[in-house]
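Those protein sequences? They're chains U and W, same order as listed.
Everything in the first sequence is counted per this note's numbering, starting at 105 for the first residue and increasing by one.
Everything in the second sequence is counted per this note's numbering, starting at 105 for the first residue and increasing by one.
Hints were generated in silico from the structure; no laboratory data involved.
Be aware that a few hints might be false.
The list cannot tell twin chains apart, which means a pair is met if one copy fits it or any two copies do.
Calculated lysine to aspartate or glutamate pairs in the DMTMM-like style (CA-CA distance at most 25 Å, straight line) [to be verified]:
| # | residue 1 | residue 2 |
| --- | --- | --- |
| 1 | K139 | E276 |
| 2 | K322 | D214 |
| 3 | K391 | D380 |
| 4 | K322 | E191 |
| 5 | K139 | E179 |
| 6 | K139 | E191 |
| 7 | K322 | E260 |
| 8 | K373 | E150 |
| 9 | K130 | E347 |
| 10 | K322 | E203 |
There are 2 protein chains.
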Amino acid sequence: MWRDGFIAADWGTTNRRAYLLDASGKCVDEFEDGKGILSVPSGGFEEAVGDIRARLGDKPLLLAGMIGSNRGWVEAPYVPCPAGIEELARGLAWPGKREAIVPGVSLNRDGRADVMRGEEVQLVGAIAAELIDPTALVCHPGTHNKWALVRHRQIETFRTVMTGELFNLLKEHSILSDLLRGKVEVGETFCRGVRDGLDSAEVTAELFTVRARVLLGKAESSDAASYTSGLLIGTDVRIGLSEPLAAQVVVMGRPELTSLYAAAIREAKREAIELDGERCFLAGIGKLAEMI
Amino acid sequence: MWRDGFIAADWGTTNRRAYLLDASGKCVDEFEDGKGILSVPSGGFEEAVGDIRARLGDKPLLLAGMIGSNRGWVEAPYVPCPAGIEELARGLAWPGKREAIVPGVSLNRDGRADVMRGEEVQLVGAIAAELIDPTALVCHPGTHNKWALVRHRQIETFRTVMTGELFNLLKEHSILSDLLRGKVEVGETFCRGVRDGLDSAEVTAELFTVRARVLLGKAESSDAASYTSGLLIGTDVRIGLSEPLAAQVVVMGRPELTSLYAAAIREAKREAIELDGERCFLAGIGKLAEMI
Numbered sequence: 105m106w107r108d109g110f111i112a113a114d115w116g117t118t119n120r121r122a123y124l125l126d127a128s129g130k131c132v133d134e135f136e137d138g139k140g141i142l143s144v145p146s147g148g149f150e151e152a153v154g155d156i157r158a159r160l161g162d163k164p165l166l167l168a169g170m171i172g173s174n175r176g177w178v179e180a181p182y183v184p185c186p187a188g189i190e191e192l193a194r195g196l197a198w199p200g201k202r203e204a205i206v207p208g209v210s211l212n213r214d215g216r217a218d219v220m221r222g223e224e225v226q227l228v229g230a231i232a233a234e235l236i237d238p239t240a241l242v243c244h245p246g247t248h249n250k251w252a253l254v255r256h257r258q259i260e261t262f263r264t265v266m267t268g269e270l271f272n273l274l275k276e277h278s279i280l281s282d283l284l285r286g287k288v289e290v291g292e293t294f295c296r297g298v299r300d301g302l303d304s305a306e307v308t309a310e311l312f313t314v315r316a317r318v319l320l321g322k323a324e325s326s327d328a329a330s331y332t333s334g335l336l337i338g339t340d341v342r343i344g345l346s347e348p349l350a351a352q353v354v355v356m357g358r359p360e361l362t363s364l365y366a367a368a369i370r371e372a373k374r375e376a377i378e379l380d381g382e383r384c385f386l387a388g389i390g391k392l393a394e395m396i
Numbered sequence: 105m106w107r108d109g110f111i112a113a114d115w116g117t118t119n120r121r122a123y124l125l126d127a128s129g130k131c132v133d134e135f136e137d138g139k140g141i142l143s144v145p146s147g148g149f150e151e152a153v154g155d156i157r158a159r160l161g162d163k164p165l166l167l168a169g170m171i172g173s174n175r176g177w178v179e180a181p182y183v184p185c186p187a188g189i190e191e192l193a194r195g196l197a198w199p200g201k202r203e204a205i206v207p208g209v210s211l212n213r214d215g216r217a218d219v220m221r222g223e224e225v226q227l228v229g230a231i232a233a234e235l236i237d238p239t240a241l242v243c244h245p246g247t248h249n250k251w252a253l254v255r256h257r258q259i260e261t262f263r264t265v266m267t268g269e270l271f272n273l274l275k276e277h278s279i280l281s282d283l284l285r286g287k288v289e290v291g292e293t294f295c296r297g298v299r300d301g302l303d304s305a306e307v308t309a310e311l312f313t314v315r316a317r318v319l320l321g322k323a324e325s326s327d328a329a330s331y332t333s334g335l336l337i338g339t340d341v342r343i344g345l346s347e348p349l350a351a352q353v354v355v356m357g358r359p360e361l362t363s364l365y366a367a368a369i370r371e372a373k374r375e376a377i378e379l380d381g382e383r384c385f386l387a388g389i390g391k392l393a394e395m396i
């Protein structure tokens with residue numbers, strides 16, 4: 105138990121966000137920078153951790169995210185699901201006496217394989233803070249969207265869909281790049297894309313029609329980004345909701361993404377509760393720190 | 105009619121291939137280089153055409169491919185399908201008296217939109233040379249795979265699947281890049297990927313399992329390229345064969361790609377005839393030249 109407060113950090117591949125929590129668990133200072141794990145040279149993590157203490161104070165550190173991967177500081181091996189906060193606390197890796205890293209969660213049964221690293225803290229945080237029902241289907245959009253089934257206050261199973269990364273690849277490097285520069289907005293075009301994604305199992309073909317429709321004068325190029333985002337997210341929601349389930353549906357993460365997914369889930373005739381991912385992260389990391 | 109022979113070129117986005125055909129229609133010289141249309145500066149096409157004549161002789165030119173697009177030399181507007189060789193001949197664009205460009209083909213009906221530019225010459229060539237039945241389903245793999253339904257010696261309808269481009273994006277720029285450096289080979293791993301693509305409508309999720317299986321020790325990283333290629337091609341074949349059809353199935357194009365698709369089509373319990381795309385191109389462009 106760290107009685108005098110601690111520093112929590114969500115340390116990803118390209119960014120990190122660090123928070124100073126006081127003895128009562130309240131966040132009193134924070135910063136974000138571009139020092140993701142890929143920017144830290146081999147052997148440079150002590151120094152990169154020193155940066156955080158220089159900015160937020162000489163406190164114990166509880167780290168989550170890709171910092172615990174095999175490309176990070178010290179590997180915190182995946183905890184197999186079903187996993188709840190107790191399993192995460194038992195799986196902490198300790199690079200030093202005052203630094204701990206939260207493990208990721210893996211799925212490895214019934215011929216299925218999946219991994220998450222970072223999202224698990226938000227999930228157990230929402231469970232611990234009772235922001236979601238004890239049984240819920242949680243969608244966590246990001247580069248790699250996660251659909252997690254929470255049951256008995258644990259992550260029972262989950263599935264990753266590469267929606268965010270595919271959209272970025274198409275936007276940055278594909279024949280659709282010119283067309284995808286526009287802003288993605290929830291509206292009729294986005295929802296049409298969602299419906300096409302919900303209805304069609306042929307997304308790798310539907311994507312090319314984005315370009316063909318513009319070339320043939322059937323669509324405005326300014327609509328292409330919203331349509332394509334809708335198509336990919338609709339496909340994602342079709343996958344995520346494919347098993348009929350009476351559970352509450354929750355979308356957790358950055359608000360600009362949760363709003364897109366919540367709109368897509370509405371097109372699929374379900375209602376989703378939106379939760380701010382940062383709030384869930386702080387709830388989860390605070391609870392984990394109490395268990396140390 | 106060009107009685108003393110002519111030069112044919114398949115001029116794409118990143119490459120061009122030019123052939124000298126003699127008075128009898130036989131190919132007597134050829135070359136390929138990297139002067140695709142994107143490497144030619146605005147106003148530079150006369151000079152780029154001059155290059156070809158400097159290498160193959162001062163003959164009339166019949167050009168096909170992206171050279172006729174709105175980023176090419178002179179736009180040859182799409183001919184709507186159904187389209188056969190007569191429609192292509194009527195749609196030739198003439199940048200000069202001795203230079204003609206073959207138009208692409210578009211689909212714009214029943215709410216569907218699609219375009220092709222370059223593949224149509226191979227298709228009408230295979231029809232004219234009677235390499236395929238008058239009714240056939242033709243798969244033309246490449247960056248953007250085309251499934252064309254040929255009926256009454258015309259391209260009746262077609263559909264594009266972005267398989268090749270998606271595989272390249274994943275290989276060059278994605279989280280799977282490290283895993284996809286290996287060679288793609290037809291074998292048990294490739295065929296397992298194909299079966300997963302044929303069975304699953306969830307390719308945007310299946311892709312992430314490639315990484316998860318390696319991380320969890322369930323698959324060898326050296327198998328990832330063949331599996332992923334199989335998964336995308338299996339998805340593609342599922343789309344292409346989705347309408348039950350008694351027609352002959354043909355795979356036309358570069359042999360290293362047609363062999364992958366032919367193997368995938370066999371996994372789907374159909375037999376496919378493989379045709380060399382260059383042979384079909386020469387048959388089509390020769391026939392078009394006779395019609396000038």
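Going down the list of hints, with the structure as the test:
no.: 1; hint: K139 <-> E276; result: both (22 Å within a copy, 23 Å between copies)
no.: 2; hint: K322 <-> D214; result: between (45 Å within a copy, 12 Å between copies)
no.: 3; hint: K391 <-> D380; result: within (17 Å within a copy, 64 Å between copies)
no.: 4; hint: K322 <-> E191; result: between (54 Å within a copy, 23 Å between copies)
no.: 5; hint: K139 <-> E179; result: within (18 Å within a copy, 48 Å between copies)
no.: 6; hint: K139 <-> E191; result: neither (28 Å within a copy, 59 Å between copies)
no.: 7; hint: K322 <-> E260; result: between (45 Å within a copy, 20 Å between copies)
no.: 8; hint: K373 <-> E150; result: neither (49 Å within a copy, 57 Å between copies)
no.: 9; hint: K130 <-> E347; result: neither (39 Å within a copy, 60 Å between copies)
no.: 10; hint: K322 <-> E203; result: neither (57 Å within a copy, 31 Å between copies)
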